[in-house]
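Asks: Can you build the whole structure from these sequences, using the hints too?
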Amino acid sequence: MSHITPRLISHDIRHQRGFTLIELMISLVLGLLISAAVIQVFITSQRVDRIQTAGSEIQDKAVFGLQTIEPQIRLANLGNDGVAINDTTAMGGVILTVGKEDATNVNAAVKNGDTSGNFVTRTVATSPATLSNTDIPSEQLTIQYVNTTGKELFDCEGVNIEPNAHVITRYFVTTGTGTGNGTRRNLNLNCDAGRIKDKTAENFTDNGQTIIENIDQFNIRLGVQQSVVTASGKVSYEYADMTVAQYMALTDPKPPIVNIRIAVLARSTANSPEASAEKFIIFGEEQTLKTQGNAPKYLRRVYESNILLRNARVMRIIDNSAP
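For the sequence shown, this note's numbering begins at 163 and goes up steadily by one.
Calculated directly from the structure, the hints in this document are not laboratory data.
Hints may contain errors.
[Unchecked claim] Have a look at the derived ranges for each label pair, beta carbon to beta carbon:
hint, residue 1, residue 2, range
1, Glu440, Val397, 28 to 34 Å
2, Ile205, Asp368, 42 to 48 Å
3, Gln221, Ile201, 38 to 44 Å
4, Asn274, Glu440, 40 to 46 Å
5, Lys313, Gln371, 20 to 26 Å
6, Gly261, Lys313, 27 to 33 Å
7, Gly312, Glu436, 26 to 32 Å
8, Ala439, Leu183, 50 to 56 Å
9, Ala439, Gln208, 34 to 40 Å
10, Glu440, Gly312, 48 to 54 Å
11, Ala457, Asn274, 39 to 45 Å
12, Phe226, Gln388, 31 to 37 Å
13, Thr266, Gly312, 29 to 35 Å
14, Val390, Gly455, 47 to 53 Å
The beta-carbon is built from N, C-alpha and C at its ideal position, and this holds for glycine as well.
Replies: Structure representation (structure tokens):
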């Protein structure tokens, strides 16, 4: 029968004891701090990832969307022998006026011409107020050209353009899917391209194809070259940037249009942890988002592009002999 002395038991207990209460509490606190730090890093990385994703979505819209639009608009007035564009130019590259097939002094004379706005470049005052998420209505740009290149081209909907075909194209805002009932709607920038044959517009005024999804605003400005008489009697030329309404209010004959400026207020598709500003500067003027309670958070950016109308170049002669 074995015998263990009390002294040996006391010695084993003294050398096999665990953590003290203070050591255990310190260990728990350190564990919690490390866990909290890891969670914070994870949450921050998720937040940054969502912001970067939203930012890249908007950047893609600018890179691919606007770069798709620009070469199409540059075709405006092609086949019109470089004639300067104003509101009375026959087959003028920027359609500001439209009439029936026997109409004169209009940009587009077609049998089924729609003078209510589907055929023309629309001013702010005539745009539907529902097709904008700011306090300023959106606008529409309508152009036309004839494929005189001798080669097949493609319109903004991806349809091939036969040689000598007369193309009419409009860029406009329309409602997207899942719009909902809020004051801020899901809007897209669409392009509708058709043909004019025997003074009849074909395959035009439908919804066309979406170029840029999820936008809040689309505005345009007409770049105009105006002649100005100085105090000394010399004629100089100035560039003016104006709305369609301002241009149409000018005295006839109106000055030529030499370029088009377009602006898009784009937003991200996915929600963002951070909401964008409520006010934006577009063409130097402030626009404010429509008020909506509990509105989803999105990143928003304004992109502007200045497009020279190469087929409507204006030539002028400077007379240096003038006093």
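Asks: Note whether the CB distance of Asn274 and Glu440 lies within 40 to 46 Å or breaks it.
Replies: Given about 42 Å between the Cβ atoms, the range holds.
Asks: Does the Cβ-Cβ separation between Gly261 and Lys313 fall within 27 to 33 Å?
Replies: With a Cβ separation near 32 Å, Gly261 and Lys313 satisfy 27 to 33 Å, so the hint holds.
Asks: Do the Cβ positions of Glu440 and Val397 conform to the proposed distance bound of 28 to 34 Å?
Replies: violated (45 Å)
Asks: When you take the CB atoms of Phe226 and Gln388, is the distance between them in 31 to 37 Å?
Replies: holds (35 Å)
Asks: Could you say whether the range 20 to 26 Å given as a hint is met by the Cβ separation of Lys313 and Gln371?
Replies: holds (22 Å)
Asks: That 47 to 53 Å hint for Val390 and Gly455 (C-beta), does it hold up?
Replies: For Val390 and Gly455 the Cβ distance comes to about 50 Å; the hint holds.
Asks: Indicate whether the distance between the beta carbons of Thr266 and Gly312 respects the range 29 to 35 Å.
Replies: holds (30 Å)
Asks: For the pair Gln221 and Ile201, does the Cβ-Cβ distance stay inside 38 to 44 Å?
Replies: violated (30 Å)
Asks: Okay, Gly312 versus Glu436 on CB: inside 26 to 32 Å?
Replies: Between Gly312 and Glu436, where Cβ atoms are some 52 Å apart, the hint is violated.
Asks: Between Ala439 and Leu183, does the beta-carbon spacing fit 50 to 56 Å?
Replies: holds (54 Å)
Asks: A range of 42 to 48 Å was offered for this pair. Does it hold for the Cβ distance of Ile205 and Asp368?
Replies: holds (47 Å)
Asks: Quick one: are Ala439 and Gln208 within 34 to 40 Å, going by C-beta?
Replies: Violated - the Cβ-Cβ distance for Ala439 and Gln208, about 23 Å, lies outside 34 to 40 Å.
Comparing the model with each earlier hint shows violations of hints 1, 3, 7, 9; every other hint is respected.
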